[in-house]
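Colleague: Chain by chain, the residues run as shown.
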Amino acid sequence: MKIHEYQAKQILKKYGIPIQDGVVIDSIDDIASAIEEVSREFSATQYVIKAQVHAGGRGKGGGVKFSPSKEKAIENAKAILGMTLVTPQTSAEGQKVRKIMVAEAIDIAKEFYVAITLDRAVSKNVVMVSTEGGMEIEEVAAHSPEKIIRTWIEPGFGLQGFQARHLAYSLGFEGDALKQAIKLLMNLYKCYEEMDASIVEVNPLVLTAQGNVLALDGKFNFDSNALYRHPDVVEMRDVHEEDPTEVEASKFNLNYIKLDGNVGCMVNGAGLAMATMDIIQLKGGEPANFLDVGGGANVETVKNGFRIILSDHNVKAVLINIFGGIVRCDRVANGIIQAVKELELNVPVVVRLEGTNADIAKKLLNESGVAIIGADSIADAAEKVVAAAKEGK
Amino acid sequence: MSILINKDSKIIVQGITGNEGSFHAGQCLEYGNNVVGGVTPGKGGQTALDGAVPVFNTCHEARKAVGANVSLIFVPPAFAADAIMEAAEAGIELIVCITEGIPVNDMVKAYAFVKNTKSRLIGPNCPGLLTPGEAKVGIMPGFIAKKGRVGVISKSGTLTYEAVHQLVKQGLGQSTCVGIGGDPIIGTKMIDLLDLFEADPETDAIIMIGEIGGSMEIEAAHHVKAHIKKPVIGFIAGETAPPGRRMGHAGAIVSGADESAAAKKKIMAACGIHVVDSPADIGATVKANLK
Numbered sequence: 001m002k003i004h005e006y007q008a009k010q011i012l013k014k015y016g017i018p019i020q021d022g023v024v025i026d027s028i029d030d031i032a033s034a035i036e037e038v039s040r041e042f043s044a045t046q047y048v049i050k051a052q053v054h055a056g057g058r059g060k061g062g063g064v065k066f067s068p069s070k071e072k073a074i075e076n077a078k079a080i081l082g083m084t085l086v087t088p089q090t091s092a093e094g095q096k097v098r099k100i101m102v103a104e105a106i107d108i109a110k111e112f113y114v115a116i117t118l119d120r121a122v123s124k125n126v127v128m129v130s131t132e133g134g135m136e137i138e139e140v141a142a143h144s145p146e147k148i149i150r151t152w153i154e155p156g157f158g159l160q161g162f163q164a165r166h167l168a169y170s171l172g173f174e175g176d177a178l179k180q181a182i183k184l185l186m187n188l189y190k191c192y193e194e195m196d197a198s199i200v201e202v203n204p205l206v207l208t209a210q211g212n213v214l215a216l217d218g219k220f221n222f223d224s225n226a227l228y229r230h231p232d233v234v235e236m237r238d239v240h241e242e243d244p245t246e247v248e249a250s251k252f253n254l255n256y257i258k259l260d261g262n263v264g265c266m267v268n269g270a271g272l273a274m275a276t277m278d279i280i281q282l283k284g285g286e287p288a289n290f291l292d293v294g295g296g297a298n299v300e301t302v303k304n305g306f307r308i309i310l311s312d313h314n315v316k317a318v319l320i321n322i323f324g325g326i327v328r329c330d331r332v333a334n335g336i337i338q339a340v341k342e343l344e345l346n347v348p349v350v351v352r353l354e355g356t357n358a359d360i361a362k363k364l365l366n367e368s369g370v371a372i373i374g375a376d377s378i379a380d381a382a383e384k385v386v387a388a389a390k391e392g393k
Numbered sequence: 001m002s003i004l005i006n007k008d009s010k011i012i013v014q015g016i017t018g019n020e021g022s023f024h025a026g027q028c029l030e031y032g033n034n035v036v037g038g039v040t041p042g043k044g045g046q047t048a049l050d051g052a053v054p055v056f057n058t059c060h061e062a063r064k065a066v067g068a069n070v071s072l073i074f075v076p077p078a079f080a081a082d083a084i085m086e087a088a089e090a091g092i093e094l095i096v097c098i099t100e101g102i103p104v105n106d107m108v109k110a111y112a113f114v115k116n117t118k119s120r121l122i123g124p125n126c127p128g129l130l131t132p133g134e135a136k137v138g139i140m141p142g143f144i145a146k147k148g149r150v151g152v153i154s155k156s157g158t159l160t161y162e163a164v165h166q167l168v169k170q171g172l173g174q175s176t177c178v179g180i181g182g183d184p185i186i187g188t189k190m191i192d193l194l195d196l197f198e199a200d201p202e203t204d205a206i207i208m209i210g211e212i213g214g215s216m217e218i219e220a221a222h223h224v225k226a227h228i229k230k231p232v233i234g235f236i237a238g239e240t241a242p243p244g245r246r247m248g249h250a251g252a253i254v255s256g257a258d259e260s261a262a263a264k265k266k267i268m269a270a271c272g273i274h275v276v277d278s279p280a281d282i283g284a285t286v287k288a289n290l291k
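Protein chains in written order, with my numbering: chain A, 1 to 393; chain B, 1 to 291.
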């Protein structure tokens, strides 16, 4: 689960990490008072207006604007709040800006990159820093990997002092700023672990002209498996930032991701679901979605699955591919028959059921009288659904 | 022969009195007749599976009383990492964790804990293992498999069933099928199982089923090139999956590797693995490459 910059900064602040501070507003009526508050609380005379959307690359899309005066800040706030922001990380349609942060402007001497995440290759958390802050860090990783310094954390021990010193010295900090950087890294790791984050990224971490070290931005991603331990984080969820159909699907415990094709699919298990999408493409079609119905493919799941798939009007045919292990295919078949009848579907449905009680299931489907195209294998099913989608155009 | 489990395995089930635990423990008992007990704290002294097996409070007690060497875990996610460590501490040789949804930080600790013991962990979030005709430790449907000489390693559940189904249609059985799980942290990676299958005199070929994300398949591919003589057939699901709509960049720069299906397949092919493009051709490709 992701959160906004202003929420990330609230968390960082709680862990004693200095941040670029500011005030968040969702209505332009509040801009004057927000500027007053930022001026008063943080002794700011210059400001930065920052769009609050989850996607990165906000600056490139015009969502972050330095404002040397109050007048300029108001002008920029009016332009950004409510705009549709398109960045390299949003969809082509962009993301509507519903909130902005009116932040104090910081006089930056140097920028750095800091991130903490899991290194799957060694099953340990890793802290990564770079002097190339504020830049395209993926470019840095690709072209000058030696500029990213990593230290791995021994499970149960946390970030040790010598590790934080190593990182801070590697970034070239000295004097009081070195002490600040070490403390910041220690606190950031503590925050990462205690909050069950899957990623914490501060890009950039800055050294100010006045010699202070602070987080200019903050990004968190949280481990969804651990959210039960963090009700405060769950409250930070902003569904406006998510695809509405995916939000709807998650209510029914369905794992759905919309794609651009016209062949809908409903499958049990993520691996088989991806393999089904792959074979649809190999047979000349384009998958319209990823949908994993999980272990419980009953009448309700199948009905909800259909509703979600068909809310995408590009869908011209649907493939159901279920390999019943624990799931009994005859139950799935009954679910499909009932769902097709109740929902009065007007697109062709290809069904391939294999595994437990598949024979009974095929018989049920054949005798039901509903318009379903049966298939015997994953290849047969893909061919039939691609053909059906082409006819449906 | 087989790897990791056989008819002599002595299996206990942690969480045997729960809904899922008792259902699947019953299925495993029916399949191999080698489930010897269960563990549920607070229910020690009772019996489970209609009186067929004793229940203990701790893995220690179970190990001592019935000599268990395999533990199958169905404990809820919040307590599963603890259950894994308990089994390892009790000296259970093979720990198979089916539980889905364990917090990553819990697994970071449990993984390090198990590594310091002699135990091997399979999973979590996996379908477990099946040695056809001998033993089932997990939730794979036993009836779809057939005894034979192909080893199966897979990140996915139902896609494993698909592969096994295709093998059987080609007249090929399996020595052992292992679902290793798709979580960020898993106890046993593809490399470990490749070595076990290579050393198993009754395995002639190995299927390796991966997915987009992570770099495990790439490490495994290089390992195949250097150490594995038996034919390896590989499939990577997710050619059409959209690149993760992620926010930070940290995930992508950790490994520095391209984790797309296409990139993985390319490296696998270059390492001598018989890469299957269509998931419908897994069985036929194995048959064609059996020496």
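Think of the hints as simulated: they come from the structure by calculation, not from any bench.
Everything numeric in this text was worked out from a predicted model, so none of it was measured.
Be aware that one or more of the hints could be misleading.
Calculated pairs, DSSO-like style, for lysine-lysine (alpha carbon to alpha carbon, straight line, at most 30 Å) [to be verified]:
hint : chain 1 : residue 1 : chain 2 : residue 2
1    : B       : K109      : A       : K363
2    : B       : K109      : A       : K124
3    : B       : K189      : A       : K190
4    : A       : K124      : B       : K225
5    : A       : K283      : B       : K118
6    : B       : K146      : A       : K363
7    : A       : K190      : B       : K109
8    : B       : K146      : A       : K190
9    : A       : K362      : B       : K115
10   : A       : K124      : B       : K287
Colleague: Of the hints given before, which are not true for this structure?
Modeller: Hints 1, 5, 8, 9, 10 contradicted; others consistent.
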